[in-house]
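The chain contents come next:
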Amino acid sequence: MVNVTLEDVRKYFGKVKAVDGISLKVKNGEFIVLLGPSGCGKTTLLRTIAGLERVTSGRIFFDEDDVTYLPPRARNVSMVFQSYAVFPHMSVYDNIAFPLKIKKYPKQEIKRRVKWAAELLRIDNLLSRYPNQLSGGQRQRVAVARAIVVEPKLLLMDEPLSNLDALLRVKMRSELKKLQKAVKVTTIYVTHDQVEAMTMGDRIAVMKEGKLQQVGTPSDIYHRPSNLFVAGFIGSPQMNFVKGMIAKKEGNILFDAGDLTFRIPDELVSVLEKYEGEELTAGIRPENIYLSFLTLESTETVKVKAKIDFVETLGSETILHCKIGNTVIISKVSKEVNLKVGDDVQIELDARKLHFFDKRGEAII
Amino acid sequence: MTIYFIAIILSTWVLLPIFLITLAAFSVPSDYYNVHKIVPTSFTFKHVHDLFFTLGAWKATFNSIMVALITIGISFGLGIPAGYSLSRFAFKGRESLKLAVLFIRMFPIMVIGVPLTVFYLNIGLADTLLGVALAHTAMVLPFVILITSSIFSGIPVEYEEAAMIFGLSRTGAFFRTTLPLALPGIAAAAMFAFIMSWNEVFVAAILTLTNRTLPAHILTTALASIDPIKFAAGFIMLLPALIFILLTRKYLMTVWGITLR
Numbered sequence: 001m002v003n004v005t006l007e008d009v010r011k012y013f014g015k016v017k018a019v020d021g022i023s024l025k026v027k028n029g030e031f032i033v034l035l036g037p038s039g040c041g042k043t044t045l046l047r048t049i050a051g052l053e054r055v056t057s058g059r060i061f062f063d064e065d066d067v068t069y070l071p072p073r074a075r076n077v078s079m080v081f082q083s084y085a086v087f088p089h090m091s092v093y094d095n096i097a098f099p100l101k102i103k104k105y106p107k108q109e110i111k112r113r114v115k116w117a118a119e120l121l122r123i124d125n126l127l128s129r130y131p132n133q134l135s136g137g138q139r140q141r142v143a144v145a146r147a148i149v150v151e152p153k154l155l156l157m158d159e160p161l162s163n164l165d166a167l168l169r170v171k172m173r174s175e176l177k178k179l180q181k182a183v184k185v186t187t188i189y190v191t192h193d194q195v196e197a198m199t200m201g202d203r204i205a206v207m208k209e210g211k212l213q214q215v216g217t218p219s220d221i222y223h224r225p226s227n228l229f230v231a232g233f234i235g236s237p238q239m240n241f242v243k244g245m246i247a248k249k250e251g252n253i254l255f256d257a258g259d260l261t262f263r264i265p266d267e268l269v270s271v272l273e274k275y276e277g278e279e280l281t282a283g284i285r286p287e288n289i290y291l292s293f294l295t296l297e298s299t300e301t302v303k304v305k306a307k308i309d310f311v312e313t314l315g316s317e318t319i320l321h322c323k324i325g326n327t328v329i330i331s332k333v334s335k336e337v338n339l340k341v342g343d344d345v346q347i348e349l350d351a352r353k354l355h356f357f358d359k360r361g362e363a364i365i
Numbered sequence: 366m367t368i369y370f371i372a373i374i375l376s377t378w379v380l381l382p383i384f385l386i387t388l389a390a391f392s393v394p395s396d397y398y399n400v401h402k403i404v405p406t407s408f409t410f411k412h413v414h415d416l417f418f419t420l421g422a423w424k425a426t427f428n429s430i431m432v433a434l435i436t437i438g439i440s441f442g443l444g445i446p447a448g449y450s451l452s453r454f455a456f457k458g459r460e461s462l463k464l465a466v467l468f469i470r471m472f473p474i475m476v477i478g479v480p481l482t483v484f485y486l487n488i489g490l491a492d493t494l495l496g497v498a499l500a501h502t503a504m505v506l507p508f509v510i511l512i513t514s515s516i517f518s519g520i521p522v523e524y525e526e527a528a529m530i531f532g533l534s535r536t537g538a539f540f541r542t543t544l545p546l547a548l549p550g551i552a553a554a555a556m557f558a559f560i561m562s563w564n565e566v567f568v569a570a571i572l573t574l575t576n577r578t579l580p581a582h583i584l585t586t587a588l589a590s591i592d593p594i595k596f597a598a599g600f601i602m603l604l605p606a607l608i609f610i611l612l613t614r615k616y617l618m619t620v621w622g623i624t625l626r
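In order, the protein sequences belong to chains A and B.
Count the first sequence with the numbering used here and you get residues 1 to 365, in order.
Count the second sequence with the numbering used here and you get residues 366 to 626, in order.
By construction, these hints were calculated from the structure, which means they are not laboratory data.
Incorrect hints may appear among the rest.
[Unchecked claim] Cut-off 30 Å, straight-line C-alpha distance, at most; resulting in silico cross-link-like pairs (DSS-like, lysine-lysine):
#, chain 1, residue 1, chain 2, residue 2
1, A, Lys15, A, Lys171
2, A, Lys115, A, Lys181
3, A, Lys353, A, Lys274
4, B, Lys457, A, Lys211
5, B, Lys411, A, Lys17
6, A, Lys15, B, Lys463
7, A, Lys25, A, Lys178
8, A, Lys248, A, Lys208
9, B, Lys595, A, Lys15
10, A, Lys274, A, Lys359
11, A, Lys27, A, Lys153
12, A, Lys323, A, Lys353
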């Protein structure tokens, strides 16, 4: 259990700025997810926290202790690697006991703890096997058991689920999260999978090109993205973006994007008025676009006529590609609907769920 | 069909001399001098025995083994850290260095043989086992570096990193994870070095006079002897290589396979 504080951490590889000035506080017992596309520096950041990479500049604190220049072994952290790194020349028991043996725990204590960790991960029947006799999922459990067996101050996980098949991944997600809460270890988890981040993280730190984009709870990140990148990266299908201008016409404030032009809802007028004449990007999530004939709630909506361009039926929900002039807007409807390509429909954009971003991509609303 | 034909020819090319020399080493001279006999029928250990005990080959064998062991000791002491660095660390001039370690093989051993002897005479290393071993080390070291570097490259660095996180130093992590995993390959490389040293005759012959290694001894003694002794000598020179290939054929492919890539 430890608070982790990063102060302006930088890691450059020659000219490449893998981590470019990150400051972040991770609270005691928190499960924080570093999320970003591949190459965004999230793994490098994790490795600097582990001590496997030395920072170019900046400081790393565990509680009050400056660990910036400590070697990994002096930091008392544990790590689960993407490739698991379960030692092939040791049995499962020896793998799990490895950190304990190195830290010179008494024999009885080693036995007790290995048993505890193995039971927690339900691999206690595999203790005498060797890694090459295990499936990917089992190897992963060994890696996690080995990481928690010393009850570390800080648990680091580098895409631990990315090598598992889809079904197992979903199962392990909830299991890992429950385990983390049971063991109460501060956890930093790296992933590029937004679903993993949303389901597991107490907070998510979204990274891009070595910089933090936004740090917040999953709900924060989802509902109040701080810029275009975060808005586009989180959510599937992706948020719809339309570029347009704020214009005044006959006393009304309009968002003018050519094909899709609508009156700004009253409660947003005061904020958006001052951007008159500027190019903005409007964003709205697919699930906040309704079909008029299905709408049940009576909220303020922007009504638009559209033509169905493509239909993806997923069973529990339907993804509609709606064409408004030349602009394609994607809508997600939580029902199966009987529409086919070429049908004319009226869609409604939920005005309360509209996002606006300025020219630099920063969120206005 | 053609491939089998080629395989048979190649195998015969290699196996027939081995078979014949083994046969000759243990058969009675009157048998293979007999023009009416193709395959000898009476066998004896006499020639191998004579070679070892009358002609002093046992001492040369001991010398050879000592030289090979010292060679392995020095070349692995230097070569394993070098191979490790070449495989694990990115530094300026790594590729050129990899190439440069082979430069010593550019000079024919005949060219450096005489200056080396003069130099050895000056520093008092002439006619010593250590002297021969050092010359063999120069010969073997480039291979040891390249082979171990390719072996280490085949072992994911995550094992070491995991070991470091769980409380070991870099050195400790190497000894607990990478080295045990590299051991089969390193053993194969060691036997390879052993054979190279065992078979080397030129340097050994000019650098020593009384402390001859086996091939140097055979060159001067056995080859001046009668035919049966020559056959016996051929056989005992062959033996280590045969045993080596028998033990390591599984690893040889990986060792060279990775190096050649």
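Restraint status (C-alpha distance of Lys115 of chain A to Lys181 of chain A at most 30 Å): This hinted pair holds, its Cα atoms lying about 19 Å apart.
Please verify whether Lys25 of chain A and Lys178 of chain A have alpha carbons no more than 30 Å apart. 22 Å, holds
Against the 30 Å threshold, does the CA-CA distance of Lys353 of chain A and Lys274 of chain A hold or violate the hint? 20 Å, holds
Holds or violated: Lys595 of chain B to Lys15 of chain A, with C-alpha atoms at most 30 Å apart: 66 Å, violated
Proposed proximity, Lys359 of chain A with Lys274 of chain A (alpha carbon, max 30 Å): 14 Å, holds
Would you mind confirming whether the straight-line C-alpha gap from Lys248 of chain A to Lys208 of chain A stays at or under 30 Å? At roughly 36 Å apart (the allowed maximum being 30 Å), Lys208 of chain A and Lys248 of chain A break the hint.
Given hint Lys153 of chain A paired with Lys27 of chain A - CA-CA distance at most 30 Å: Answer holds: Lys27 of chain A to Lys153 of chain A is near 12 Å, not above 30 Å.
Please work out if Lys15 of chain A and Lys463 of chain B have their alpha carbons no farther apart than 30 Å. 26 Å, holds
For a C-alpha distance cap of 30 Å, please report whether Lys323 of chain A and Lys353 of chain A respect it. Given that 30 Å is the threshold and the Cα spacing comes to 20 Å, the pair holds.
Taking 30 Å as the top limit, are the C-alpha atoms of Lys457 of chain B and Lys211 of chain A close enough? Between Lys457 of chain B and Lys211 of chain A the Cα gap is close to 29 Å, so the pair holds against 30 Å.
30 Å limit on alpha-carbon distance, applied to hinted pair Lys411 of chain B and Lys17 of chain A: 75 Å, violated
Measure nothing beyond the straight line between the CA atoms of Lys15 of chain A and Lys171 of chain A; if it is 30 Å or shorter, mark the hint as holding. Violated, at about 41 Å.
Hints 1, 5, 8, 9, counting from the list given before, are not met by this structure.
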